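Asker: The primary structure of each chain is shown beneath.
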Amino acid sequence: MARKSVIPFGPQHPVLPEPLHLRLVLEDERVVEALPSIGYIHRGLEKLAEQKDYIQDAFLVERTCGICSFIHALTYCQGIEALLKLEVPPRARYLRTVWSEMHRVHSHLLWLGLLADAFGFENLFMQAWRAREEVVDLMEVTAGARIMLGMCCVGGVRRDLTDEQLAAVLKSMDKLNRQFDDLIPVILKDYSVQQRLRGVGRISRETAYERGAVGPVARASGVARDFRETGYAAYGELGFVPVVETEGDCYARMEVRLAELYQCLHLVRAAVRKMPSGPISVTPKGNPDGEYVSRTEQPRGEVVYYLKGNGGKNLDRLRIRTPTFANIAPLLAMLPGCELADVPVIVLSIDPCISCTER
Amino acid sequence: MTFLNAIFRNLFSRPATRRYPFVKREPFPGTRGQLAIDPDRCIYCGICAKRCPANAITVSKTPSKSWTLDNYRCVICGYCVEVCPKKCLTMKQDYFSPK
Amino acid sequence: MEALLAFVVAWKPYVLAAAALVVAPVIGALLMGLDRILTARIQGRVGPPLLQPFYDIVKLLGKAPIALNRVQVVYACLHLALMMLVVVLLAMGQDLMMILFVHAFSNIALILGGMSVRSPYSRIGSQRQIMQMLAYEPILVLMVVGIYLIFGTFQISRIPAGGVPLLVQLPLVFLAFQMVISIKLQKSPFDVSTSHHAHQEIVKGITIEYSGPYLAVIEITHLYETCVLFTVVALFWAPNPLVGLLLAALSFLFQIVLDNACARLTTMWMLRYMWTLPMVLAVSNIAWLYLRNGASLG
Amino acid sequence: MLQNCKDVTRENLLTEVASRLPLGYRFVTMTCVDLGDAFDVLYHFDKNYELSTLRLRLPKGETLPSVSGLVFAAVLVENEIKDLFGIAVTGLAIDYQGHFILADGAPTAPLLKNPPPPTAPAAEGAPKNG
Chain A
1 MARKSVIPFG PQHPVLPEPL HLRLVLEDER VVEALPSIGY IHRGLEKLAE
51 QKDYIQDAFL VERTCGICSF IHALTYCQGI EALLKLEVPP RARYLRTVWS
101 EMHRVHSHLL WLGLLADAFG FENLFMQAWR AREEVVDLME VTAGARIMLG
151 MCCVGGVRRD LTDEQLAAVL KSMDKLNRQF DDLIPVILKD YSVQQRLRGV
201 GRISRETAYE RGAVGPVARA SGVARDFRET GYAAYGELGF VPVVETEGDC
251 YARMEVRLAE LYQCLHLVRA AVRKMPSGPI SVTPKGNPDG EYVSRTEQPR
301 GEVVYYLKGN GGKNLDRLRI RTPTFANIAP LLAMLPGCEL ADVPVIVLSI
351 DPCISCTER
Chain B
360 MTFLNAIFRN LFSRPATRRY PFVKREPFPG TRGQLAIDPD RCIYCGICAK
410 RCPANAITVS KTPSKSWTLD NYRCVICGYC VEVCPKKCLT MKQDYFSPK
Chain C
459 MEALLAFVVA WKPYVLAAAA LVVAPVIGAL LMGLDRILTA RIQGRVGPPL
509 LQPFYDIVKL LGKAPIALNR VQVVYACLHL ALMMLVVVLL AMGQDLMMIL
559 FVHAFSNIAL ILGGMSVRSP YSRIGSQRQI MQMLAYEPIL VLMVVGIYLI
609 FGTFQISRIP AGGVPLLVQL PLVFLAFQMV ISIKLQKSPF DVSTSHHAHQ
659 EIVKGITIEY SGPYLAVIEI THLYETCVLF TVVALFWAPN PLVGLLLAAL
709 SFLFQIVLDN ACARLTTMWM LRYMWTLPMV LAVSNIAWLY LRNGASLG
Chain D
757 MLQNCKDVTR ENLLTEVASR LPLGYRFVTM TCVDLGDAFD VLYHFDKNYE
807 LSTLRLRLPK GETLPSVSGL VFAAVLVENE IKDLFGIAVT GLAIDYQGHF
857 ILADGAPTAP LLKNPPPPTA PAAEGAPKNG
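Protein chains in written order, with this note's numbering: chain A, 1 to 359; chain B, 360 to 458; chain C, 459 to 756; chain D, 757 to 886.
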């Protein structure tokens with residue numbers, strides 16, 4: 001009884017916090033075709049960026065995404081600093097790393113909660129978000145805001161951390177570590193979680209590479225690509241090694257992210273312990289001129305900023321390619337052949353962030 | 360089924376949430392809640408309005424001196440506080456609440 | 459006064475049935491309220507007040523009635539009416555087999571209601587509900603057969619009050635029955651056809667096209683069903699009602715803990731699971747009873 | 757200026773892209789820049805964190821050949837460029853007909869330096885569909 005039916009999945013879908021629309025063609029409960037469409041929340045951010053000066057744009061691009069906001073600002077500022085040939089003081093680079101990794105922790109925990117919600121594990125959802133509250137509070141203590149830190153500016157960072165605050169960061173990291181120890185081994189071993197994730201939405205290493213997968217999606221398929229390896233900010237001095245899995249299924253993507261949670265704690269600790277003293281910013285001089293492509297690693301993968309200055313205060317063109325944009329093509333390779341019940345899990349396994357995808 | 364540990368620990372400990380409108384958490388000391396101005400020290404130079412990334416501030420000298428903030432546009436970045444030559448702008452810790 | 463007493467004695471089964479019709483949903487709602495508080499505490503939340511299910515239903519009843527078609531409404535009401543009949547039959551001590559079938563028909567009414575609309579979510583939810591019935595009905599039938607083998611009758615009223623508790627004679631069936639309760643309460647890992655606590659890939663599945671008072675009808679049915687299920691659990695230790703209540707409370711707690719220790723699994727997994735472990739448990743229990751009866755006859 | 761940039765023409769674009777793929781280059785994204793009388797269409801590739809870019813100078817009014825037949829991942833960004841700059845892209849693997857990002861009644865080609873005046877919104881009751 002192979003009856004074809006079309007299920008509209010999204011954009012206002014209770015399981016998907018993001019306005020992604022998927023037109024799913026089903027045969028009984030098996031997906032035979034999936035076509036994505038976006039465009040529900042296009043904000044024209046790239047156009048708006050041309051109307052603000054390059055200092056203000058740092059605050060604007062931070063609002064591209066409500067989850068990895070700091071790293072957007074970081075990518076942008078690194079690009080402008082390259083155009084202006086600014087040398088950022090070491091303490092600023094370390095502080096940027098600390099905040100970047102805090103953002104990664106909160107993003108991955110948020111994702112873990114949403115994934116748990118997608119496969120109906122309400123308790124895990126609550127526990128993940130409870131742990132996330134710890135790091136969000138920590139960001140409020142250190143930067144004065146929970147998500148939109150506004151701490152990254154062209155030339156450095158805007159707020160210094162006192163020794164007490166650094167000690168508080170280390171203490172929070174220990175607390176988080178204990179919470180992770182409670183949570184993460186349990187998730188990885190849980191029978192029902194394995195039932196829902198193992199072998200679901202598998203893509204091979206070749207497909208992942210050809211389709212341009214980035215971030216944990218690529219790393220779960222054995223593509224060892226993590227832009228932090230290039231050593232931007234302070235990553236080059238902290239002994240960073242990317243987390244790689246080879247299975248390429250939803251479980252592997254979860255494994256990568258869960259391992260990265262521990263790695264983030266390690267990086268924050270290392271950055272705080274090695275924190276150099278000195279100024280936290282330099283004043284930018286002149287205006288950006290020329291083209292530059294700035295890239296960093298966000299929780300969802302590599303983000304690409306194309307910046308073009310014309311010697312004036314305003315940029316000629318700012319283009320943002322967010323990691324989710326790159327991961328939609330691999331997503332289309334994962335969906336056909338899966339069960340309807342697996343669709344939310346697979347969609348969430350790429351950690352979609354549609355609002356930043358559309359900008 | 361190893362979730363049982365967490366289940367029983369939570370069952371016998373206090374909940375992590377609070378009954379929000381009745382129980383409020385104190386803001387942290389460095390929190391950027393909302394923008395406040397000391398009008399006596401303001402010289403109405405308009406630098407804050409010019410630098411504001413969200414165009415939330417309007418300053419005029421004529422006909423009468425005025426400084427207004429559109430709280431719904433403000434992104435609470437605190438950039439104006441930094442650039443103010445007279446240091447008359449400050450960040451309050453409590454959030455702006457729509458009336 | 460004496461006339462009233464005489465009336466009550468003469469019409470005892472009917473009075474009992476009427477009382478059960480009133481009390482059952484109240485007990486069901488309190489159980490559900492307790493469930494929500496316990497679940498919240500397990501998850502580290504404060505949780506809603508105990509009477510939240512009442513408030514929900516009162517609110518739903520106050521909404522404007524909107525239905526896609528009349529058939530849908532008829533099926534929702536049939537779902538409730540048949541479930542109330544289950545309660546009546548149970549209170550009057552009628553035939554167990556009969557109760558089982560009325561219960562099944564009540565659920566079929568829900569499925570037909572879900573099938574009567576064009577929403578793909580509702581249809582997939584209905585298909586999954588059919589799968590659920592396929593998964594749990596055999597266990598229920600085996601349970602009834604087991605009771606027949608012990609007492610030689612399907613008639614509840616003819617079951618002797620004293621004697622050895624059912625739990626001692628049907629321990630494995632009891633375990634399998636716990637899984638059935640989990641399915642019926644829409645708990646993880648079996649929460650497939652409608653999502654009772656959270657949302658999922660088919661939104662609200664079978665009940666998506668119901669709203670307002672009609673959704674309230676389905677919710678009330680659910681309250682009745684919850685009460686019936688835990689009454690049956692309590693009946694497993696009928697000689698001492700207090701022990702029976704304790705048994706029901708333990709079963710209730712088990713359901714909540716299980717819900718919070720598992721992810722929701724897929725329909726096919728549920729079917730495979732229910733037809734293996736609980737089925738083997740139930741069948742071996744029945745086989746043991748049958749052999750014992752045969753031996754005592756010989 | 758831009759790291760590892762190489763100019764290409766409309767004619768040799770597809771062969772240039774095709775020759776990069778076997779060398780292990782991964783498609784990153786495309787960028788379109790409005791230069792006034794022409795567009796700069798940049799094809800960013802990556803190999804071992806090393807960016808390399810193909811630059812196509814496309815006069816306004818000319819069509820852009822799609823590379824989505826070679827690199828499927830390019831299909832989304834080509835649709836986006838089609839929507840936001842009003843460039844006609846030929847040979848798309850999936851063509852959203854100008855509705856990838858923009859809905860009916862949205863401004864046309866909003867990312868041009870001088871976007872055309874908004875046209876009258878499309879007929880009522882024509883919702884955007886996939």
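Just so you know, these hints were derived from the structure itself, not from any lab. As the structure is a computational prediction, the values presented were derived from the model and not from experiment. Among the hints, a few may not be true.
[Claimed, not checked] Derived contacts from chain A toward chain B, CB cut-off under 7 angstroms, selection only: (1) Pro19; (2) Arg23; (3) Val25; (4) Gln56; (5) Phe59; (6) Leu60; (7) Glu134; (8) Gly144; (9) Ile147; (10) Gly150.
[To be verified] Now the stretches of chain C that chain B is said to cover, found in silico as 3 or more residues with beta-carbon under 8 angstroms: (11) 465 to 473; (12) 500 to 514.
Glycine included, C-beta positions come from ideal geometry on N, C-alpha and C.
Asker: Check the structure against each numbered hint from earlier and tell me which ones fail, lowest number first.
Answerer: 1, 2, 3, 7, 9, 11
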